[in-house]
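Enquirer: Letter by letter, the chains look like this.
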Amino acid sequence: MHGFDEALAAAWRLIVTGDTALVEIATLSLKVSLTAVVCAALIGLPLGAALALARFPGRNALVVTINALMGLPPVVAGLLVYLLLSRAGPLGPYGLLFTPTAMIIAQTVLVTPIIAALTRQVVADLWQEYREQLTSLGASRLRAVPTLLWDARFSLVTAVLAGLGRAMAEVGAILVVGGNIAGVTRTMTTAIALETSKGDLPLALGLGIVLLVIVLAINAAAHLLGTTARRAAG
Amino acid sequence: MKLFETTRRAVMAIAVGAAFLGPAGAAGAQTAEKPFITVASTTSTEQSGLFKHLLPQFTEKTGIEVRVVAVGTGQALKIGERGDADVVFVHAKSAEEEFVAKGFGVERLEVMYNDFILVGPKSDPAGVRGTGDVVKAFQAIAEKKSPFVSRGDDSGTHKAELALWKLAAIDPKAGGSWYRETGSGMGPALNTAAGMDAYILADRGTWLSFKNRGDLAILVEGDDRLFNQYGIILVNPARHPHVKEKEARAFIDWVLSPEGQAAIASYKIEGEQLFFPNARKKGA
Amino acid sequence: MHARATILPLTLDRVTYAHGSTVLIDGISTVIGASSRTIILGPNGAGKSLLLRLCHGLIAPTAGAVRWAGADTLGRSDVARRQAMVFQRPVLLRRSALANITYALSLQGRLGRAERLARAHEALAGVGLAHVAQRPAHVLSGGEQQRLAIARAAALKPDVLFLDEPTASLDPGACRAIEDAIRAIDAAGTKIIMTTHDLGQARRLADEVLFLCHGRLLEHTPADEFFESPRTPQAAAFLRGDIVG
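Residue numbers (the numbering used here), protein chains in the order written: chain W, 1 to 234; chain S, 1 to 284; chain G, 1 to 245.
The set of hints was computed from the structure by calculation and includes no laboratory data. Watch out, some of these pointers could steer you wrong.
[Unchecked claim] Label pairs and their computed distance ranges (CB to CB): (1) G70(G) - P73(W): 25 to 33 Å; (2) V213(W) - K211(S): 17 to 25 Å; (3) A101(S) - A21(W): 39 to 47 Å; (4) V75(W) - G112(G): 54 to 62 Å; (5) H242(S) - A21(W): 24 to 32 Å; (6) E181(S) - L142(W): 22 to 30 Å; (7) V23(W) - K52(S): 39 to 47 Å; (8) A118(G) - V23(W): 49 to 57 Å.
[To be verified] Capping the alpha-carbon separation at 30 Å, the derived lysine-lysine pairs in DSS-like fashion look like this: (9) K136(S) - K102(S); (10) K31(W) - K52(S); (11) K31(W) - K34(S); (12) K102(S) - K122(S); (13) K52(S) - K34(S); (14) K244(S) - K31(W); (15) K244(S) - K145(S).
[As the list claims (entries may be wrong)] Partial pick of chain W residues on the chain G-facing surface, computed with a CB cut under 8 Å: (16) Q128; (17) E129; (18) Y130; (19) E132; (20) T147; (21) I192.
Glycine included, C-beta positions come from ideal geometry on N, C-alpha and C.
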């Protein structure tokens, strides 16, 4: 199919010419998704660890809910955040709709369940192994949370990367809350959706290839850091 | 030491987060200093490239940035209704009039028109080419049960298409699988039509800038009933006090001014004019 | 040798632990004093490890009570803090050998940072691991890992140290190093209570023996007496190396 040649050529052109519009939307994509993942990690890591260790009524229901929320359709997350941030919504007065901040909030909503659910599983397994020793040393469950998170750090990097993958790839949520405004809230994925709409499939696919390269680079960097750190930590 | 380490790590994590948030937030704040308005408009105007041609001229003159959220007409009106835009710029006369009547908008002003076209496969199985009568063409398509792609998304184009079926006295949804609702924007719907060699009602602007035409071509055009009027409405500041009335009015006035109208007329793709300004002179 | 107040003796009062309808520990009553090394012996499945965990408080008995002498004056958390345990498979944190010990000390929350470091270095030296202080705990050999676990427990300077089969699956050299470490900890004033399935090790280390069979305490006697003239036929069979059913 000749479309692929055209797409590769388009991607190559975009990269070598350092297209300023491309740099702008790629930077915004990274900024939004990385910020969302940092926020989601700050919430999801402790939440997941707490769910692994805590015992309270309704815990199982909460675990199932969070696991299910991993499959939350981005458009639904986007709509929820849209209704929250809309001028007619409860957070309307802040005027956040159609801004990068709105996109960060929507992606945080999407990514937090992924990080929390994966963290819960990893930490629960580790707690199984550490439980007697930490109890013997006098660590309370609360005190065990940071210890377990730290000792599971290499597995948790994967959880965070899974979240980043979801954030970088999704278009449904940020399209709804960002509005795909040129120069303000246009990201890689919304640009791809737009070019597809315009029938410029080679450019859309070309942008997709650029996005893939960026995501690949991030994962490679994380992998490299991980193996180096793991070698150092044993 | 452990607690110290934990604290240090947490502080670092937050600092890293802030480092990312900072620029994003700052970017928001920065552009907020420059006055801007939000316009809810349709995919047809955005994707035809009209805004890219029009808006820089306005911004250069006034210093006001225009942020366009391009969605279907139905959703654009909804965005205006909730107060999430300052101006609505769409093409569905009766829905616009209802919007104003309900008090969501101040006044509907006509800006320009373009026209719809009936696009279909070059082989033209329903034999509608050159009839010049869009209603007869619709009837022929229904009779032959030739595949027809509908936007099905409550957009201005969708509303126009439904009106034409009504004129043809046909309920396409009752007719079986030849009538396919995609529930998507003009571009995706055209992609679908190109993929299945189907007929489709499209706006000329999107069609002219659309690249993935496949085997599709214009079959019917020029019928008066394919006339597509665009209107512009200021979202009612009485209902939504945060609406930037001054800047929004400046935009509307400019679009309707001889200068704005000339700018619209001068937008061409491959030498072909896409939109025809027809704003009435003030007081006329 | 014991200048400070100690939580010993340990009194077991009809301690029972049942899982469903299966009684795993069956009404054990005895008193374990401060001044000797106590070894718990018994065939596989007798409940040795379970008894250690009940004594240490990791598991609560389903009936009966575990009582420490100082419990009334010290309070529960203080009683727990004066105990330590070394497990059959050492559980080490993903950090350096030294940090494993300073972590345990920081949980006790009594020493300043400098003191914790000094105490940790001292404990590592005590088990001959001073040279691997900065190495990640997970890259140490099996024997070194177990010595690190013992050093970590010893650094807490507990009144009583529980050891659950600490030399299982270690080679003879590593076993000797660990037995030396246990003797040193005992000499420093910590009560040793440990299980083993190695009779030679039991003869080398035991001052007194608790002999368990099917969750019941059959003998609690001085070591010499137990090995010379066991009182129960089960103990005699166990010492002969017969299968005790």
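Enquirer: Work down the list of hints and note, for each, if the structure agrees.
Expert: Do the hints match the structure? See the list:
no. : hint                          : in the structure
1   : G70(G) - P73(W): 25 to 33 Å   : violated, 60 Å
2   : V213(W) - K211(S): 17 to 25 Å : holds, 24 Å
3   : A101(S) - A21(W): 39 to 47 Å  : holds, 41 Å
4   : V75(W) - G112(G): 54 to 62 Å  : holds, 55 Å
5   : H242(S) - A21(W): 24 to 32 Å  : holds, 30 Å
6   : E181(S) - L142(W): 22 to 30 Å : violated, 55 Å
7   : V23(W) - K52(S): 39 to 47 Å   : violated, 18 Å
8   : A118(G) - V23(W): 49 to 57 Å  : holds, 55 Å
9   : K136(S) - K102(S)             : violated, 36 Å
10  : K31(W) - K52(S)               : holds, 25 Å
11  : K31(W) - K34(S)               : holds, 21 Å
12  : K102(S) - K122(S)             : violated, 45 Å
13  : K52(S) - K34(S)               : holds, 19 Å
14  : K244(S) - K31(W)              : holds, 28 Å
15  : K244(S) - K145(S)             : violated, 50 Å
16  : Q128                          : violated, 11 Å
17  : E129                          : holds, 6 Å
18  : Y130                          : holds, 6 Å
19  : E132                          : holds, 6 Å
20  : T147                          : holds, 7 Å
21  : I192                          : violated, 40 Å
Violated hints, listed in ascending order, are 1, 6, 7, 9, 12, 15, 16, 21; each of the other numbered hints is respected by the structure.
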